[in-house]
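Could you build the full structure based on these sequences and the hints that come with them?
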Amino acid sequence: MSASLRVRGLTHRYPTSSGNVLDGLDLDVAAGERVALLGPNGSGKTTLALHLNGLIPAQSGTVEVGGRPVAGEHLPEVRRRVGLVFQDPDDQLFMPRVREDVAFGPANLGVPAKERPAVVDRALAAVDAAHLAERHPHHLSGGEKRRVALATVLAMEPDVLVLDEPTSGLDPVGRRELAELLVALDTTLLVVTHDLPFALQTCPRSVVIDGGRVVIDAPTAELLADPDRLARHRLELPFGFVLGPG
Amino acid sequence: MGGGLRHRGALHLLVERDSPVHRARPEAKVVALVLFAVALAATPERALAAFALHGAVLALVAGAARLPAGTVRRRALVALPFLGVAALLPFAADGPRVALGPLAVSEDGLWAGGALAARAVLGATAAVVLTATTSVADLLAGLAHLRLPRVVVGIVASMLRYLDLVADQLHRTRLAMAARGHDPRWLWQARPLAAGAGTLFVRTYERGERVHQAMLARGFTRRLPDLRPPPAGAPAIGWAAALAPALVSLLVAVGAILR
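Residue numbers (our numbering), protein chains in the order written: chain Y, 1 to 246; chain G, 1001 to 1259.
Do not take every clue at face value.
[Stated by the list, open to error] Pairwise CB distance ranges (calculated): (1) Thr-11/Y x Pro-1192/G: 51 to 57 Å; (2) Gly-1181/G x Arg-176/Y: 37 to 43 Å; (3) Arg-1046/G x Arg-135/Y: 45 to 51 Å; (4) Met-1177/G x Tyr-14/Y: 38 to 44 Å; (5) Ala-113/Y x Ala-1244/G: 48 to 54 Å; (6) Val-173/Y x Arg-1017/G: 39 to 45 Å; (7) Arg-1017/G x Ala-30/Y: 39 to 45 Å; (8) Arg-1074/G x Tyr-14/Y: 18 to 24 Å.
[Said to hold, decoys possible] Some chain Y residues close to chain G (C-beta under 8 Å, calculated; not the full set): (9) Ala-103; (10) Phe-241; (11) Leu-243.
[Said to hold, decoys possible] Covered by chain Y, per the in silico footprint, the following chain G stretches (three or more residues, Cβ under 8 Å): (12) 1132-1141; (13) 1161-1169; (14) 1204-1211; (15) 1214-1220.
Worth flagging that the hints you see were computed from the coordinates, not collected in a lab. Just so you know, these numbers come straight off a predicted model, no measurement behind them. C-beta atoms are modelled at their ideal positions from N, C-alpha and C, and glycine is treated no differently.
Below you can see the structure in the form of C-alpha cells.
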C-alpha cells in the first residue's frame, strides 16, 4: 500500500527562532513515489518531516495524507499511515528488548497480543534482523539499531515512510544494504538526507528546501549533474564524485 | 553508540549460563526472593542453626545456577554498610556485658549485630543470585506478570534503557576532556566535569522530548500498551520448583520460632 502526500502553504515558526522555519511550503508526492528531501542545515527538512505525522500541528497551511488532513480526529489514522524513522535510533528504541519495541506500534494500533509476534517477526525479517529479536537495543551496533528502528515503523505497515537522515553513522555496507531495502519497499518514501549519492541510489526525484520553501524539484540524476545549482543551496557531491548529464 | 565505547552497567548483571535457576520463571524467582527475605527477617536472632540452614539453601541455589563464586562474593559487597552498622551494635547496645577478647561488649548487641550481619549478607547474596540469573528484560516481564502497574514497569524499563546511554555520554564527555589535557585530581578541579554533567542534563532532557515524539509517532496515546509476550508454553522450571528453596527457608524460620 502507498498513499499520496499534499502540503499547501505550510508555515511554521518556533517560539525561539527569529524567522519562519517553513515559509509557505508547497509539496506534492504521488502514491508510491520515492523522493529525497535535500537542503542545507536549518532549512526546515526535519520540521517538515514532523508535520507529516502530525507531531507538529500546522500553524498555517495544510498537510494531507492520502486525501485526509493531518489534524484532529484523523491523527491516529495518519500516524498509522505515515511511519516516521527518527535520525537517532536511540530516540526510537526505548524498550529493554527489540521484540517489545517492535511490538509497541502495533500494540498502540490495537493489534491483539496473539497476533503481535507474527507481525514483529515479519517486520524484523524485512530488515534482515530476525536474529536480533531478543537482544537489548544498547547491545546493537549502529547499523543494527538503524535496521531495528526501521522495523519498529514497518511493523505498523505504513503507506508513507519518512526517514530522517537514515545514513548518518552507517558504514558503507550498512548504507548500501539500507538503500537496497528501501528501494524494495512499495510504500511512498520520503528521505531527508545530506547524503547525495544515497539520494541518487534510492530516490528518482529530489526536492531541495531552502529558507522554508521548495526551491528545486527535479529528477535526482539531473540535479546532481548540475554542481552550480547545488552550490546555490550549500549542497555538493562528496569529493571525487562527478555525475555526467543524462 | 555503536561498538566503540562499551562499559558494564546496571543492565549487565546477567551471568549467562544454562542452569535450572536461569530457566526458572522470572516472576517465581522474584516471589522466591521475597519469601526468602521474609524467612530471614522472621528467624530469631539467636537461631544460629537456622541461619546456617538459610546459608546452605542459598549456597545450593547459587551452586545450581553455576555462578562463579568470586562474582557472587564481589557483588554481595553491597551489604558492606550494613556490616558496619552490625559491627557497632555490640558496643552501642545496653544489657549484660560479655568479654570479647580484651573488650567488654553487650551480649544482646552481639546477637543483634550477628543476626543483622547474617540477614544482610544472605539477603544481598540472594538478590545477587536473582540478578545474575535473570536478564533485566525478563525481570521486568516478571514484575509485569506479578501485576505491578504497567506504568511503573514502563518507567523502570525506559529508565534502565537510557541509564546506559547517559553513562556512555558522561564517559565520552570525560574522555573528550582528558583528550584536551584535563586530568582532575582535586575537588576544585572538578568544575569542568560538573559543567559537563549540566550539559548532559540538558541533553538528556532534550532526548526525553525526542523519545516522547518518537513514541507519539507510533501511535502512543499516553497509555502504555501491554507488551508482555504471551506465556510461551510450559516453562522448563515451574512455580513449585522455583519456590521450593525459599519455602524450605520459611519452614526453617518457623521451626526456629517454635523451638
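Evaluation of the provided hints:
1. Thr-11/Y x Pro-1192/G: 51 to 57 Å: At 42 Å between Cβs, range violated.
2. Gly-1181/G x Arg-176/Y: 37 to 43 Å: holds, 40 Å
3. Arg-1046/G x Arg-135/Y: 45 to 51 Å: Once the Cβ atoms are compared, 50 Å apart, the range 45 to 51 Å for Arg-135/Y and Arg-1046/G holds.
4. Met-1177/G x Tyr-14/Y: 38 to 44 Å: Taking Cβ atoms as reference, Met-1177/G and Tyr-14/Y lie about 32 Å apart, which means the hint is violated.
5. Ala-113/Y x Ala-1244/G: 48 to 54 Å: At 31 Å between Cβs, range violated.
6. Val-173/Y x Arg-1017/G: 39 to 45 Å: violated, 34 Å
7. Arg-1017/G x Ala-30/Y: 39 to 45 Å: violated, 56 Å
8. Arg-1074/G x Tyr-14/Y: 18 to 24 Å: Violated: the Cβ-Cβ distance is about 50 Å, outside 18 to 24 Å.
9. Ala-103: Holds - the Cβ of Ala-103/Y comes within 8 Å of chain G, reaching about 5 Å at its closest.
10. Phe-241: Constraint on Phe-241/Y not satisfied, violated at 26 Å.
11. Leu-243: With a minimum Cβ separation of about 31 Å from chain G (threshold 8 Å), the hint on Leu-243/Y is violated.
12. 1132-1141: Coverage by chain Y holds for the region 1132-1141 of chain G (4 residues, Cβ < 8 Å).
13. 1161-1169: holds (count 4)
14. 1204-1211: That given contact holds, which follows from 3 residues of the region 1204-1211 of chain G lying within Cβ reach (below 8 Å) of chain Y.
15. 1214-1220: Three-residue rule met by the region 1214-1220 of chain G, so holds; n is 7.
Comparing the model with each numbered hint stated earlier shows that hints 1, 4, 5, 6, 7, 8, 10, 11 do not hold.
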